[in-house]
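Participant: Sequence:
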Amino acid sequence: MEFFIQQIVNGVLLGSTYALIALGFTLVFGILNVLNLAQAEMVTWGAYAAYFLSLYLGFSFPAALVGAILFAGCLGILVERLAIRPVSNPFKEAEHLSPLIATIGVGIALQNLAIRVFEPKGTPFPLAFSGAALDLGRIHIAGGKLSAFAISIIVMGLLMVILYRTSLGKKIRATAEDPQAAIFLGVNVYSIFTIVMFISSALGGIGGVLTASIYGIISPFMGASLGLKGLVVMIIGGVSSLSGAVVGGILLGIAEALIIGYISSAYVDAVVFGVLTLMLIARPQGLLPSFK
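The numbering used here puts the first residue of the sequence shown at 8, with every later residue one more than the last.
You may find that some hints are simply not true.
Estimated spans, in silico, between C-beta atoms of each pair [said to hold, decoys possible]:
1. Leu287 x Gly65: 41 to 49 Å
2. Ala188 x Lys128: 49 to 57 Å
3. Gly193 x Gly281: 46 to 54 Å
4. Leu294 x Lys128: 35 to 43 Å
5. Glu126 x Gly65: 32 to 40 Å
6. Pro93 x Gly281: 49 to 57 Å
7. Leu89 x Tyr63: 37 to 45 Å
8. Ala188 x Asp142: 51 to 59 Å
9. Ile288 x Pro131: 38 to 46 Å
10. Ile146 x Ser105: 31 to 39 Å
11. Leu287 x Val168: 30 to 38 Å
Hint data in this document are derived by calculation from the structure and do not stem from the laboratory.
Since the structure is predicted, the reported quantities are computational estimates derived from the model, not experimental observations.
Just so it is clear, CB atoms sit at the ideal spot from N, CA and C, and this is done for glycine as well.
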């Protein structure tokens with residue numbers, strides 16, 4: 008029984024990172040009506056930004072994390088301005104294919120750039136959490152995972168406060184509901200699109216830094232794996248549901264931890280896509296309703 012509870016705890020800690028990444032997908036799809044597949048590379052480049060700031064400029068973990076947030080956010084703005092905005096029309100719901108292809112191309116370009124600039128086989132990550140481990144009876148929680156979980160919860164809480172307790176959040180939700188009506192109400196929807204891309208990309212960057220800090224290694228391919236799981240979580244939770252992304256991330260993390268603990272890590276991806284297939288059959292709209 009202790010082992011089962013231990014794996015549940017591990018799954019919750021792991022799932023919080025998945026939820027962060029999935030929230031980035033959900034925000035962009037819910038507001039820009041675009042499935043941004045370049046989001047996965049925000050994970051990679053956010054982690055590498057923290058790596059550079061720490062190794063070459065001597066930044067501490069908090070400073071490097073802030074730098075990674077700013078870098079990933081600004082990179083997201085560039086993607087929105089150069090790849091999404093020229094080929095999308097947020098006022099037409101059917102306009103999906105062109106921006107989807109554009110973000111795929113940007114994602115491939117960013118991944119190949121990372122391969123050329125950095126070590127393809129992976130590089131040790133110089134930043135690590137220094138928090139003490141927590142023992143609850145026979146349940147052990149590593150300090151790094153606990154710190155990453157705490158940061159994830161704080162970030163998700165701040166996001167909810169912004170969306171539901173500020174005037175900016177009202178403008179974001181109004182734009183998500185009806186961009187044309189938002190314009191008539193005086194909302195600069197293109198500024199909102201830029202802000203949303205910054206936030207979503209920053210979430211990916213945070214997820215990359217936290218994951219690299221836990222496992223102690225980064226590679227140009229880390230975003231592909233984490234981004235794919237974030238996309239699965241978004242679909243499971245509901246493509247425009249922020250709360251669904253959080254719940255879906257936790258559930259996916261628990262499922263992975265149980266599979267690793269009781270069967271084998273070799274079957275993790277099979278379980279991930281098996282869960283996705285069953286979800287699409289049983290409840291294609293996702294677990295929870297849209298945040299709009």
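Participant: Could you tell me whether the CB distance from Ala188 to Asp142 stays inside 51 to 59 Å?
Facilitator: Hint holds: Cβ distance 54 Å, inside 51 to 59 Å.
Participant: Between Ile146 and Ser105, is the Cβ distance one that fits in 31 to 39 Å?
Facilitator: Given range 31 to 39 Å: violated, Cβ gap about 50 Å.
Participant: Given the hint of 46 to 54 Å, is the C-beta distance from Gly193 to Gly281 inside that range or not?
Facilitator: The hinted range 46 to 54 Å holds for Gly193 and Gly281, with Cβ atoms some 47 Å apart.
Participant: Range hint 32 to 40 Å: satisfied by the CB atoms of Glu126 and Gly65?
Facilitator: About 21 Å separates the Cβ atoms of Glu126 and Gly65, which means 32 to 40 Å is violated.
Participant: Are Pro93 and Gly281 spaced within 49 to 57 Å by their CB atoms?
Facilitator: 38 Å, violated
Participant: State, for the Cβ atoms of Leu287 and Val168, whether the hinted interval 30 to 38 Å holds or is violated.
Facilitator: 32 Å, holds
Participant: Has the hinted range 37 to 45 Å been met by the Cβ atoms of Leu89 and Tyr63?
Facilitator: Hint violated: Cβ distance 27 Å, outside 37 to 45 Å.
Participant: Is the gap between the beta carbons of Leu287 and Gly65 within 41 to 49 Å?
Facilitator: 48 Å, holds
Participant: So does Ala188 sit 49 to 57 Å from Lys128, Cβ to Cβ?
Facilitator: For Lys128 against Ala188, whose Cβ atoms are near 51 Å apart, the range 49 to 57 Å holds.
Participant: Given a hint of 38 to 46 Å, does the C-beta separation of Ile288 and Pro131 actually sit inside it?
Facilitator: 42 Å, holds
Participant: At the C-beta level, are Leu294 and Lys128 separated by a distance inside 35 to 43 Å?
Facilitator: 38 Å, holds
Hints 5, 6, 7, 10 from the list above are not met by this structure, while the remaining hints are.
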